Every structure is written in C-alpha cells, then in structure tokens.
Amino acid sequence: MPDIQINGLTKQFGSTQVLKGLDLTVRDGEFLTLLGSSGCGKSTLLRLIAGLEQPDAGTIRLGERDLLQLSPSQRDCAMVFQTYALYPHMTVGENICTPLLMRGLNFWQRLPGVRWLSPAVRRKHAEAEASARKVAQSLGMDGLWDRKPAQLSGGQRQRVALARAMVRHPSVFLFDEPLSNLDANLRQALRAEIRQLHDQLGVTFIYVTHDQHEAMSMSDRVAVMREGRVLQLGTPDEIYNQPAHVEVARFVGAPRINLLPGEIRGHSVWVLGRQIGHVPQGQDGGACQIGFRPQMGTRSVDDGLEIHGRITSVEYTGAELIATVQLAQAQECCVFCLHSSAPDLHVGETLRAWVPLDQIHVFAADGQRLAFQPQPALLDAAA
Amino acid sequence: MRIHPLTTWLLLSPATVLLIVLLLAPVATVAVMSLTDWQFGAATLNWIGLANYAELWSDPVFRKSLANTLLYLVLVTGGAVTIGLGAALLIESDTQLRGFYRTAFFMPVASTLIAMAVVWQFLLHPSAGLVNHLLQWVGLMPQDWLNNRQLALYSLAAIGIWQMSGLALVLFLAGLKSIPQDLRDAGALDGIAHPWERFRRITWPLLGPTTLFVVTVCAIRALQVFDTVHVLTRGGPNKSTEVLLHTIYAEGFSFFRMGYASAMTVVFIAGIFFLTQVQHSTMERKTHYG
Numbered sequence: 011m012p013d014i015q016i017n018g019l020t021k022q023f024g025s026t027q028v029l030k031g032l033d034l035t036v037r038d039g040e041f042l043t044l045l046g047s048s049g050c051g052k053s054t055l056l057r058l059i060a061g062l063e064q065p066d067a068g069t070i071r072l073g074e075r076d077l078l079q080l081s082p083s084q085r086d087c088a089m090v091f092q093t094y095a096l097y098p099h100m101t102v103g104e105n106i107c108t109p110l111l112m113r114g115l116n117f118w119q120r121l122p123g124v125r126w127l128s129p130a131v132r133r134k135h136a137e138a139e140a141s142a143r144k145v146a147q148s149l150g151m152d153g154l155w156d157r158k159p160a161q162l163s164g165g166q167r168q169r170v171a172l173a174r175a176m177v178r179h180p181s182v183f184l185f186d187e188p189l190s191n192l193d194a195n196l197r198q199a200l201r202a203e204i205r206q207l208h209d210q211l212g213v214t215f216i217y218v219t220h221d222q223h224e225a226m227s228m229s230d231r232v233a234v235m236r237e238g239r240v241l242q243l244g245t246p247d248e249i250y251n252q253p254a255h256v257e258v259a260r261f262v263g264a265p266r267i268n269l270l271p272g273e274i275r276g277h278s279v280w281v282l283g284r285q286i287g288h289v290p291q292g293q294d295g296g297a298c299q300i301g302f303r304p305q306m307g308t309r310s311v312d313d314g315l316e317i318h319g320r321i322t323s324v325e326y327t328g329a330e331l332i333a334t335v336q337l338a339q340a341q342e343c344c345v346f347c348l349h350s351s352a353p354d355l356h357v358g359e360t361l362r363a364w365v366p367l368d369q370i371h372v373f374a375a376d377g378q379r380l381a382f383q384p385q386p387a388l389l390d391a392a393a
Numbered sequence: 028m029r030i031h032p033l034t035t036w037l038l039l040s041p042a043t044v045l046l047i048v049l050l051l052a053p054v055a056t057v058a059v060m061s062l063t064d065w066q067f068g069a070a071t072l073n074w075i076g077l078a079n080y081a082e083l084w085s086d087p088v089f090r091k092s093l094a095n096t097l098l099y100l101v102l103v104t105g106g107a108v109t110i111g112l113g114a115a116l117l118i119e120s121d122t123q124l125r126g127f128y129r130t131a132f133f134m135p136v137a138s139t140l141i142a143m144a145v146v147w148q149f150l151l152h153p154s155a156g157l158v159n160h161l162l163q164w165v166g167l168m169p170q171d172w173l174n175n176r177q178l179a180l181y182s183l184a185a186i187g188i189w190q191m192s193g194l195a196l197v198l199f200l201a202g203l204k205s206i207p208q209d210l211r212d213a214g215a216l217d218g219i220a221h222p223w224e225r226f227r228r229i230t231w232p233l234l235g236p237t238t239l240f241v242v243t244v245c246a247i248r249a250l251q252v253f254d255t256v257h258v259l260t261r262g263g264p265n266k267s268t269e270v271l272l273h274t275i276y277a278e279g280f281s282f283f284r285m286g287y288a289s290a291m292t293v294v295f296i297a298g299i300f301f302l303t304q305v306q307h308s309t310m311e312r313k314t315h316y317g
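Going down the list, the protein sequences come from chains A and B. Under my numbering, residues 11 to 393 are what the first sequence spells out, in order. Under my numbering, residues 28 to 317 are what the second sequence spells out, in order.
Looking at chain A on its own, in the form it has when it is part of the complex (with noise of 0.2 Å):
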C-alpha cells in the first residue's frame, strides 16, 4: 500500500473556509491522529478522506490512483463515527455483516426474499456471517450477536462499530472521536485495545480527536491542526518536546505550557530582564514569547531562569502540586507542577523557582519555533 498523499486542499461550507490549502502525507500502516480544538477542519478532513464531503480544491491520492474519483464505498475506507452509527432496526450481527453482504452481492441478489431462492446467494450470506462471527469473537462479542444497539452499552456499541469497520478488511481505518461519548475508565481501556488493533492489523489509522492525551498516547505521528492547517506533523515526542508553533505548544501539554514576553536584540534573546541565549537569525528589537513547560521548574538548582512571586492558588492532584505564581518581574502567572513530597506550599508565600535554559522554547512573533542556543550558565551576562 502506498502513502496517502494531500495536496492543498480547501474547502467552505457557506462562508467558512473550513481547510486552507491543506498538505499531508500519511504513511502506510501509521496510525495518525489529526488534534485540534473543535472547528480546526479535522473532521472535515477525515471525511473528504473518507469521501463523504467533495474538496473545493486539491488532490486526495492513493499513490497513482486519485481517491477524489472514487465514491466513498470504493475507497478503502471503514469509518468509526462519534455516534457508533450502528443501523438501529438491525441486529449487531446484520450490522457487522451489512459491508459484506452490500459489497458481496449484486443488486439481484440483494432483493429481499432471493436468499432463498439462490444457493449461491445463500452460500455468500453463509460465508459473510462467519467472517463476521470471527472479528466479532475477537472483540468479545459473540454473546451479543442478536442484541439490538439499544440494548447495548456506550462501549458494546463502540465495539460492534469497531467490528463493522473490520469485517471487510479495509487498507484504512478512519475515526471520528470515537471515544469521546463514553465515560473515562472506558476510554482508557479502549485507547489501549484500539492501539492493539492498529499493531495486529499493521494497516493505516487516521484518529481524529480533541483530546491531547488520547493523541500523545496512541499514535506514531501527531498532526496538530489550527484553523484549517497543519501547524506540526510529528512524532509525539517532538511535539511536546519541540512545539513549532506557539499554538502546538499551548495545545498540548497539561496544564498548560508558561509564555513570558521577551524581546530579541541583536541575536540575543532577553527576558525578565536578562539575556537567556541566542537565536541564529537576528531580528533587532523584535518581541517574541518565550516559553516552558510546567513540569520544568526546579526549587532546588540555582541554575537557570530564575522565576519568583507570590503563590496564588495551590492544587494538589496526588502526585503533584500545581501552584500558581504571581510574578514579581512581571504582570504574568506561572504554573509550576512540583513534586507533591516538596514542602508545603501556602497561598500568599513566595515561590523561588530555576527553569533550566535548555527547556526554554523561543517563539517569534508570528508563533514559528526559533532555533535557540541556550546561554552558558556561568557565562551569565546581566545587563
């Protein structure tokens, strides 16, 4: 199977440019999670691949082959909806078998009342019922053959959804936030077997979700969407790691990432009131936002950003502590993860903190990532 390669694709609904001009390539047998806040175009993306919607320009191709030529039910393509769109007249064993059976027989053959006038007809509903009966044993459902989909739970019905996009053998799995309508546990638990299912199959999975840890979790790449784009494609690592956009950075990370305003003189990056390191491509007097994560900062290194104000709020989560800090440099808070063993932590005290410069993220103006070299930590040139 070759990659599946976009090429600037738009689309509007109405007045809304829902994509703009968006590019994307998905490996073969990567599984691909399109993260964005609601309104990004992910779902719209997810179903131009599927073929559900029509692009208002751009190319969708399959190695030589153009999918946008191909109506949706010969693309390849099984989708996992939010809503389990499960047939609800139907058993979940006629809803498993309903690609089959669809794909398998002719319009003749699919006249209600032929089944028993053809053994051949007869033969292929035989053999779809049975390949049908393996996929749904092998998501541990074969007591629920009969049930209707009302009479299923959230995750049941999630499964036979599941089963219905696996019965027919698809060379892409596309998924539409399926696990966002049922309760946490069962999130989790799913997360881990859709994982499972990616690594057993070895075919393509496109995840669309809002929910940063289900992306981070689950996927071999991350494609982060803002706005009708792709602002980073990477591994999970680099996008919380090495954010290249502002936006990559405060999306993903829980809580969210600290931005201070800082200033770039020369090739000198300065913040707080001192110079941090350097960026390689000078941009005289240019602001920029410099930023780190939570999780960061230390209270035992003297080594470092020094950060330091008044606690305003304190949390505590089990394992961590997440205090809120008043800064006395500057009109910003700060939120720093600590280790929940570190001492008590009081609101209205002060906290000292020592952000390592290599952890520090440099954002230019217009939100793109700068290549940063942090300063020496003894070359320490206060101004």
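Quick caveat, the hints were computed from the structure, so don't treat them as lab data. Predicted model only: the values in this text are computed from it and were never measured. From the three backbone atoms N, C-alpha and C, an ideal C-beta is built for every residue, glycine too. Just to be clear, a hint being listed does not mean it is correct.
Coverage of chain A stretches by chain B, computed from C-beta distances (three or more under 8 Å per stretch; other residues unrestricted) [claimed, not checked]:
1) 41–48
2) 58–64
3) 188–196
Partial selection, computed: residues in chain A whose CB lies under 8 Å from chain B [claimed, not checked]:
4) Ala88
5) Phe91
6) Ala140
Go by the hints and put chain B onto chain A.
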C-alpha cells in the same frame, strides 16, 4: 407536606366537571339513546334493547355507508402517505426551496375544507370545470366527476388526498430530520450508496414509527370525512358517496330517527377509539427498536 384529600378533589373538580359534562355524559347519553326508538321532537320513547343494532346489521344503506367509508379511508390514507412520503423525500434532498414547499403543501391542511370544497366543485364542474378542460385539451373524454356513480367516491377521495398529503408531508419531513446524518454516512462507506438501497435499508426502516403515526392520523381524519360529502354530493348519486358521518347526520336530522342515529354513532365512536388506541401505542413506543 400532607395534602388534604378535600384539596385534591377541589383542585381536580374543574377538570372533572368539564370532562363529565363535555365528554362522558354525551357519550353515555348517546349509548343509552341507541337502545331506544326515540324520534327527534317526540315526547315519549320506548326501550327496544339492541333492536337498533340488529337493524344496522341488515340495513343496506348503513352497510354501503360503512363500506364506502372504509374504501375512502384506505384510498385517502394510502394516497396521502405515498404522496406525503414521496414529496418529503424530494424536498429533503434539495435544501433551497424547502420552506416554500412545506408551506405550499401544508396550506390545504390549514384551510377550511368547506370553502375549498366549493373551489373543487368549480374545478370538477362537468362543463365549466378546469379539470375537464384539461382532459379535453389532451384529447381525453370529459367526465361528470361528482355525479357519476362510479367516479364520485374516487373524486372525493382525491380531494381528501389533496387535503391530507400536506399533513403527511410535514410529519414525514420531521421524521426524516430525526435520522442522523452519521447513519447515511456509515451507509455510504458500507456500500449502501444507491438511493434505492439507502431508502430500503436505512430511511424506510427508521421512518417506521413516523409512518405508523401518519397512517393512524390520516385514518382517523379520513374516518371523520363529512364536509366535502355534504357540500359536493350529499351522499349521492344513489348513495354511492354515503359515508358514516353523513349517514348519521341524515338519519338524525333529516329523518329524525335519533335512536337509530345514536346506534350508528356508537359504532363510529368505537372505530375512532380503536384508531386512537393504535396511535397512542405508537406514540408511546417512540424508541421502537428495543
């Protein structure tokens, strides 16, 4: 807080009184009257038991009237459901003029049928009517729609369908709206792509509860047909358009046989009651895929 039983009765009394005065008492009166030979305006009446019902059983006019009503009911319900569903599917597939079509089709439901009956009388007029002019224009024989014994009931049924299909259409449109788009999408990916397949495998089964509801509503309304018959044919020619309500009216207020008319009314109420029960049970089973 404990509610005094007297308070309960006091609060219930207005509704109870109205229910008894307006609903239960008249029905009970009719039921009792159906067991007598009371004539309208007569000072005395005799208790005759089930004799009225026995007469109904053998009365050719009543039998004809019952048969006509049932035929009318089947024609109008079938026609209105077919046209309503077809139009709803067409309107739903096009987004532009949906509002206009909905209003246009619903207009006959909202308008007064007596007034519309006069319009129809004009349209179906044997010599001056538009329908016959159109028929002649395409080279077909003009017909006397309302005075031909073979045609009159069908003409009335056509008017009934014209009036009722708007209601069916609006109900079907609501039913179609409640089918989630995701199901159609899932179908498109599963290979349920052809419009006919989509209708047969997704739309029609999911419209099941709506269809049952539309059928009963149309049937109840068709059973109550009176105004077009009274204005256009008065049950004629030769009883060919005699329907239940009109027969009851004629027996009671033209022939003054109140006892006999009451017996017919009881049969009529039983029919309405049955259909209402069917409708009620379909309403209860909103989630009908259990």
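*Given Ala140 of chain A as an interface hint, is the shortest Cβ-Cβ distance to chain B below 8 Å?*
violated (18 Å)
_Please check whether Ala88 of chain A passes as an interface residue: C-beta within 8 Å of a C-beta belonging to chain B._
Interface hint status for Ala88 of chain A: holds (6 Å vs cutoff 8 Å).
*asked:* Is the interface hint satisfied for Phe91 of chain A? The criterion is a beta-carbon contact with chain B at less than 8 Å.
replied: Since the shortest Cβ distance to chain B is 5 Å, the answer is holds.
*For the stretch 188–196 of chain A, does the count of residues with a C-beta closer than 8 Å to a C-beta of chain B reach 3?*
violated (count 0)
*With a cut-off of 8 Å between beta carbons, are at least three residues of the stretch 58–64 of chain A near chain B?*
holds (count 3)
_Per-stretch coverage check for the stretch 41–48 of chain A, three Cβ contacts closer than 8 Å to chain B_ = Violated: only 0 residues of the stretch 41–48 of chain A have a Cβ under 8 Å from chain B.
Checked against the numbered hints given earlier, the structure breaks hints 1, 3 and 6 and satisfies all the rest.
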